[in-house]
Amino acid sequence: MTINVKAMLAAIHDTGLGEMIRSVWWAFATLETLHFLGLCMLIGAMIVVDLRLIGHFKQASIKMVLPLTYIAIAGFVINTLSGIGFFASNPTVYYTNPAFRLKVLLILLAGLNVAWFELKERKKLLALPEGADPDGETKIVAMLSLMLWLGVLILGRLLPTFVQPEE
Amino acid sequence: MNFLVWLESQGLSALLRGSEYGYPFVLTCHSIGMAVVVGIVLIYSARLLGYAPGLPLSIFDGLFKLAWAGFALNAVSGALLFISNPVHLIENLPFLLKMAMIVAGGLTVWRLARVQALSLVGDAVLPSSTETKIIAWANIIFWLGAITSGRIIAYTLSEG
Numbered sequence: 011m012t013i014n015v016k017a018m019l020a021a022i023h024d025t026g027l028g029e030m031i032r033s034v035w036w037a038f039a040t041l042e043t044l045h046f047l048g049l050c051m052l053i054g055a056m057i058v059v060d061l062r063l064i065g066h067f068k069q070a071s072i073k074m075v076l077p078l079t080y081i082a083i084a085g086f087v088i089n090t091l092s093g094i095g096f097f098a099s100n101p102t103v104y105y106t107n108p109a110f111r112l113k114v115l116l117i118l119l120a121g122l123n124v125a126w127f128e129l130k131e132r133k134k135l136l137a138l139p140e141g142a143d144p145d146g147e148t149k150i151v152a153m154l155s156l157m158l159w160l161g162v163l164i165l166g167r168l169l170p171t172f173v174q175p176e177e
Numbered sequence: 084m085n086f087l088v089w090l091e092s093q094g095l096s097a098l099l100r101g102s103e104y105g106y107p108f109v110l111t112c113h114s115i116g117m118a119v120v121v122g123i124v125l126i127y128s129a130r131l132l133g134y135a136p137g138l139p140l141s142i143f144d145g146l147f148k149l150a151w152a153g154f155a156l157n158a159v160s161g162a163l164l165f166i167s168n169p170v171h172l173i174e175n176l177p178f179l180l181k182m183a184m185i186v187a188g189g190l191t192v193w194r195l196a197r198v199q200a201l202s203l204v205g206d207a208v209l210p211s212s213t214e215t216k217i218i219a220w221a222n223i224i225f226w227l228g229a230i231t232s233g234r235i236i237a238y239t240l241s242e243g
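Chains as they are written, first to last, in our numbering: chain A, 11 to 177; chain B, 84 to 243.
The reader is advised that the hints may include incorrect statements.
As the list claims (entries may be wrong) - Think about it this way: if two alpha-carbon atoms lie no more than 30 Å apart in a straight line, the pair counts; the simulated DSS-like pairs of lysine-lysine are:
#	chain 1	residue 1	chain 2	residue 2
1	B	Lys216	A	Lys73
2	B	Lys216	A	Lys68
3	A	Lys133	A	Lys73
4	A	Lys16	A	Lys73
5	A	Lys149	A	Lys134
6	A	Lys130	A	Lys73
7	A	Lys73	B	Lys148
8	A	Lys133	A	Lys68
9	A	Lys149	A	Lys73
10	B	Lys148	B	Lys216
11	A	Lys149	A	Lys133
12	A	Lys68	A	Lys149
13	B	Lys148	A	Lys149
14	B	Lys216	A	Lys134
15	A	Lys68	A	Lys130
Rather than coming from a laboratory, the hints here were simulated on the basis of the structure. Small disclaimer: the values here were computed from a predicted structure and weren't measured.
Kindly generate the complete structure, drawing on both the sequences and the hints.
Structure, rendered in structure tokens:
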């Protein structure tokens, strides 16, 4: 079975969500504002968590910093939902945009990085004696997290620059 | 106003408007600075409102240095964005509102940090007073207002 991408994009375009975001004049700008708030929550929280894992701000124990990941998750949920809205409003323009494709790839890699953290690093961190430094592997995960989310932000901001002309 | 007309006639202004990648580059810097400043400030307010109560407030000494770096990045990138279209921006209501929101947001952070410094005993801190909580909420609203009005500038600004 082959997947007809064009038909899929057209179907997403014609959903009620896509139609609503195109027709309500304040919808897109409101989603953008929410997307900005979400990125501040996500990146702000990850800066604190990741810098702590790398070895900064040692006056805070890692256990006390980890609740901030919930702020990051909330930001990610806001941005996934608003992002779905952007995509539905004009699927072809996003699908054909190389910056969008790279951004989605980086989000998937960041997701794998989170999975790695949850499956391997979190247990090690919770078993760590008070004041001890995380091992090198945890620091790599933290550094990858910072770089990937920063990359996602940069590519997102550059999306309009890489819009492809319509066929 | 004459100064702004002169500013807009300068090479830098034309360069920012005309270059294919210069303007997006400055915008990208501005969004990185925003994430750093607003991200840290939101976490600070959330902490004072009672979230993650185990997080020692002294952690924000270091985080505020980072936030200042983000603020400096946005002062510079923001000035460049302004120079690209000064005549219209100075009459743009969302732009003026954004500037007011940033001043108000900065003042509330300063106020929160002062109250916090006064109530700090070692690294233990008293639970936030009602006044502190009100200021912390106001702080969140001001920065959200700065983001919102910043976004509206893009929709209301006529071309230079």
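For each hint, the structure was consulted:
1. Lys216(B) with Lys73(A): holds, 25 Å
2. Lys216(B) with Lys68(A): holds, 27 Å
3. Lys133(A) with Lys73(A): holds, 11 Å
4. Lys16(A) with Lys73(A): violated, 48 Å
5. Lys149(A) with Lys134(A): holds, 12 Å
6. Lys130(A) with Lys73(A): Measuring from Cα to Cα gives roughly 16 Å; hence the hint holds.
7. Lys73(A) with Lys148(B): holds, 23 Å
8. Lys133(A) with Lys68(A): holds, 19 Å
9. Lys149(A) with Lys73(A): holds, 16 Å
10. Lys148(B) with Lys216(B): OK: Lys148(B) and Lys216(B) at ~23 Å, within 30 Å.
11. Lys149(A) with Lys133(A): At roughly 14 Å apart (the allowed maximum being 30 Å), Lys133(A) and Lys149(A) satisfy the hint.
12. Lys68(A) with Lys149(A): holds, 14 Å
13. Lys148(B) with Lys149(A): OK: Lys148(B) and Lys149(A) at ~22 Å, within 30 Å.
14. Lys216(B) with Lys134(A): violated, 36 Å
15. Lys68(A) with Lys130(A): holds, 22 Å
Figure legend: structure checked against the earlier numbered hints; hints not met, in rising order: 4 and 14.
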